[in-house]
Each structure stands twice: as C-alpha cells, then as structure tokens.
Amino acid sequence: MGDLAVLSAEEFRRLCDFLYRRTGMAFTDRKQYYVERRIAERMAATGAGSFATYFSLLRIDVEGEVERLVNAFTVNETYFYREEHQLRCLTADLITDRLRVGRAGQAIRIWSVPCSTGEEPYSIAIWLLENWPMVDRYEIEIVGSDIDTGVLEKARSGLFGKRALMRLSPALVEKYFAPDGPDAWKILDDLRESVRFSRVNIVEPLETRPYGHFDVIFCRNVLIYFDDASRRIAAENLYESLAPGGYICLGHSESMSRITPLFDVRRFADAIVYQRPAESTHG
Amino acid sequence: MPLVRKSQESPATAPSDPASVLSALAHGTDDERWAAARAAPGAPAGAEALGHALATERNLRVREAIFTSLARIGTAESVEWVLPHLRSDDAHLRTGALDALRAMKGAVRPYLEQLLGDLDADVRLLACELARNLPSEDASRLLCGLLDSELEANVCASAVEVLAEVGGAEALPILARCADRFRGTAFLEFSIKITADRIRAQAVPPRG
Chain A
1 MGDLAVLSAE EFRRLCDFLY RRTGMAFTDR KQYYVERRIA ERMAATGAGS FATYFSLLRI
61 DVEGEVERLV NAFTVNETYF YREEHQLRCL TADLITDRLR VGRAGQAIRI WSVPCSTGEE
121 PYSIAIWLLE NWPMVDRYEI EIVGSDIDTG VLEKARSGLF GKRALMRLSP ALVEKYFAPD
181 GPDAWKILDD LRESVRFSRV NIVEPLETRP YGHFDVIFCR NVLIYFDDAS RRIAAENLYE
241 SLAPGGYICL GHSESMSRIT PLFDVRRFAD AIVYQRPAES THG
Chain B
1 MPLVRKSQES PATAPSDPAS VLSALAHGTD DERWAAARAA PGAPAGAEAL GHALATERNL
61 RVREAIFTSL ARIGTAESVE WVLPHLRSDD AHLRTGALDA LRAMKGAVRP YLEQLLGDLD
121 ADVRLLACEL ARNLPSEDAS RLLCGLLDSE LEANVCASAV EVLAEVGGAE ALPILARCAD
181 RFRGTAFLEF SIKITADRIR AQAVPPRG
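Protein sequence lines, in the order shown, are assigned to chains A and B.
For the first sequence, the numbering used here gives the first residue as 1, with consecutive numbering after it.
For the second sequence, the numbering used here gives the first residue as 1, with consecutive numbering after it.
No lab work stands behind these hints: they were computed from the structure.
In this text the structure is predicted, and so the values were computed from the model without any measurement.
Virtual Cβ for every residue (Gly too), placed ideally from N, Cα, C.
Please note that a few of the clues may not be correct.
As the list claims (entries may be wrong) - Quick list of the computed label-pair ranges, beta carbon to beta carbon:
1. His-252/A x His-52/B: 51 to 57 Å
2. Glu-41/A x Ser-88/B: 41 to 47 Å
3. Tyr-111/B x Tyr-20/A: 26 to 32 Å
4. Thr-75/B x Gly-47/A: 32 to 38 Å
5. Glu-67/A x Gly-106/B: 16 to 22 Å
6. Glu-153/A x Ser-88/B: 47 to 53 Å
7. Gly-47/A x Leu-119/B: 42 to 48 Å
8. Asn-154/B x Ser-169/A: 56 to 62 Å
9. Gly-42/B x Ser-50/A: 43 to 49 Å
10. Glu-170/B x Arg-21/A: 20 to 26 Å
11. Arg-156/A x Arg-58/B: 42 to 48 Å
To be verified - Derived coverage of chain B by chain A (criterion: at least 3 residues anywhere in the stretch with Cβ under 8 Å from a Cβ of chain A; other residues may be distant):
12. 158 to 169
13. 188 to 201
Could you build the full structure based on these sequences and the hints that come with them?
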C-alpha cells in the first residue's frame, strides 16, 4: 500500500463521529494512523477513489460495508478467558445476586450467544469450576448458540489449537484438556458434554422464544453489526430470554442503553452489565 | 461435575390466533400485552391494532414492544401510526416514535419533505435526525432546502449537525447564508464553522 495519508483531520473526525454513533467504537486523534490503514484497505477493496466516495458507501452500508470495516478494526479471533473481567463479574456479583432470588431448586442458566467455536461457553464452565466455591451446591446449565452451524460443529468437537488456549495457565490446560495431535487439544468429555450447543438467530423472535429464564446472557460483539431495526428486535428477544432480574453482558464498545430503555444499567467492580428489571418497573 | 446439560429448550409455542393476539393487545395484563405486541406483526391488521394500542398504552415496556413491532412491519401504514407521536408532550413517547421511525428508514423517506416543512419546529428538528439515515446526497439536499429558510436556531443546529456527516460542497453557500442570518447566535455560528470546515476538507466538487 502506498501513501497512507488518506484522511484529513476533518475527515478523520467525521468518520469517528459516524463510527461512534453507528457502532459505539471510539477512536482518539492518536489512533488516526491505525484508522487510516483500515480505511485505505477498505477503499482499495471497494474501489472508492476518495474518502468522500467511501464514506458515502459506508453510511448506507453498501454490501455490508459497516460489518467489513468493523471486522478490519477488531480481532476476529476468540480464545479462552478472552474477557476475564466479565467472568470475574459473573462469580463476584452476578450469580450471587441471582441466588438472592428464591430458586426452588432451579438450575443457574447461562447463555453464550453468539458462541462461535465454543471458547466462551467452555471458558464460563472452567471459570466457574475454578473460581466459584459454591459450584458444587447448584446445578448450572450452560448453553452456547450461534447462527452458523459450521462453527457449532467445531464447538461440539471441543478441539482447539494453541492460540485458543494462550490465556490459560499450563495447569488449567493440563486439567481440562488432552493433547490431540500436533498443536491440538481436546477438552475433556465431561466438560464438553456439560455445554449444550444450538443454532439460533437472535433477530428472529420465533427462534429465540424457546430460550427463556436465563440468569446471565453473554452476547458480545454482535449487536454492533446490526442496523437500528435489527438491534431493537434482538434486544427485545434477549430481554424475553432473561429471567426477571437476569443480566446481559455485551462487548466493550456496545451499549444497550443506546438501543432500548428496557434494561437497567448496573455497574459492578469488574464490568458494566445490563439487567432486566426484576418486575415491570418500567410500566 | 456440577455442570449439567439439560434437555433441549421447550419447542416454540405457535403464536396465538390473530384474534387472540389483537384482543390481548387491547385488554390483556402487562405481560399479555407485551407478548401480543411482539406477536402482532404476524397478524392481519397487526399494524392497525398496534397503532390503536400505542395511543393508549402507558406501560413503557409494552410501548417499546409496540414501537419495535411497527418498525418490523415497516410499511407506510406503520409510519402513519407512529408519526403523530412525534408531536407528543410525553418525552418517552416522542423519543420512542423517533427511534421507531429511524428503524424504518425506507418507509419514512416519502414523508420527510413534509416533516421538514412542518409548522411545529420540534417536528422539523426531529425530522433532521431522520434525514441522517438517507444516502448522503439525498440527505444533504433535503437539509439544505430546510436550512435556507429556517427561522428557528435549534432546528438549524440540528440540520447543521447532520450536514457535518452527510453534507457536500453544495451545502457550503447555504451554511454561509445561515451563519449570516444567525450572526450573534454563538453556538450556531460555531457549529456551522465546524461543519463547513469538515465539508471543505473533502475537496470534492459540488454534487448534483
């Protein structure tokens, strides 16, 4: 790639305002070079001869350009313990809070959606086993769902490469995985069989309707791609899938408050999460 | 191991028949109205029932579901049920209406000229935000048309803010005339300067 000075300072600010409004991603002036590189790549890929032309394409999301640009900014790989602060919040605050509600023997239910190739739901399982002293006293159901049946097959296989395990200590890898060929590890069957995987499109109410009464939902970095209408529908579907008082954890640039007033914002020591009001306090 | 894998989720129950949905929307409990509002897009005359319900619904959660379902239907009829609420004195209702209209940008497009020329300055101001969803040239043309004759500084400010995102060189003389008309209105002069600087930085000849 040649000259990367594709954006003037004013164009950079115009782009940043748009990206923040549309996706929640925020960039400071110090990130201009980083942003410019991605814009230059996308301009080349779309054949846009100027930033003005590219920005017009981006604004009306021609051929999913918003998603393509967001993907250029984000690390499209998932690995175990990727968002450890949310896992800390899960055991320090969220589950404890959910247990204050009379449960009458009901299992604690956790949903990871979209779960991609399974690193997040398996991470939740390992984190609970390692970090929640009361783990033996409650039944815990973990469900992983995704729209892509290909990634779900990989998740069910429980096979992972070295990069996926990079954040786990050798002791945890040894405890929960078995080597399975060069640079491959298979999660132990007991753990693999404790997570259920299913296909779901979170924008389709008929598909999410069977999923209900979750105590905690992890829904990270998917709403960022949706347009206004799809975000609203997804947010209501997720609301309906939570038990009253249940929590939802989003990606760090995402904000439920920008989508719908249905949820309350809760600030804990390790994470900001969103809560379905315990009862119809919004009515 | 305490982690358990339970059986599959219960299969989705089929939505109630349309008559039940519409009846629940009008007469149900909060939870029944919420469920009915979410099911209404699948019912014949769903938009009409949602529109009637919107006029009387006081529960914010149910109201939100009504707005979302009208946006899911996304027809001119949906838009017409939502539009009157842009004039509401209830801020929640007004904001809900704006968000719903924003989510049905294709259906709302034929109404934008009328909204930008509305007698109510608040409606014109909110309509500027709706124009933001249009392709840049279309949005810029509409907002320039408004800006050239608008007398309310707050409406101009709303249009100028959107032009900072969508405006092309064709907006520059209109911005200059607006600045002249509102000389001494510091916040608007500042906003116009920022927007004009951004547009000039594109260095592209006037469009259209």
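Taking the hints in turn, this is what the structure says about them:
{"no.": "1", "hint": "His-252/A x His-52/B: 51 to 57 Å", "verdict": "violated (41 Å)"}
{"no.": "2", "hint": "Glu-41/A x Ser-88/B: 41 to 47 Å", "verdict": "holds (45 Å)"}
{"no.": "3", "hint": "Tyr-111/B x Tyr-20/A: 26 to 32 Å", "verdict": "holds (28 Å)"}
{"no.": "4", "hint": "Thr-75/B x Gly-47/A: 32 to 38 Å", "verdict": "holds (35 Å)"}
{"no.": "5", "hint": "Glu-67/A x Gly-106/B: 16 to 22 Å", "verdict": "holds (19 Å)"}
{"no.": "6", "hint": "Glu-153/A x Ser-88/B: 47 to 53 Å", "verdict": "holds (50 Å)"}
{"no.": "7", "hint": "Gly-47/A x Leu-119/B: 42 to 48 Å", "verdict": "holds (45 Å)"}
{"no.": "8", "hint": "Asn-154/B x Ser-169/A: 56 to 62 Å", "verdict": "holds (58 Å)"}
{"no.": "9", "hint": "Gly-42/B x Ser-50/A: 43 to 49 Å", "verdict": "holds (45 Å)"}
{"no.": "10", "hint": "Glu-170/B x Arg-21/A: 20 to 26 Å", "verdict": "holds (23 Å)"}
{"no.": "11", "hint": "Arg-156/A x Arg-58/B: 42 to 48 Å", "verdict": "holds (47 Å)"}
{"no.": "12", "hint": "158 to 169", "verdict": "holds (count 4)"}
{"no.": "13", "hint": "188 to 201", "verdict": "holds (count 4)"}
The structure is inconsistent with hint 1 alone, although it conforms to all the rest.
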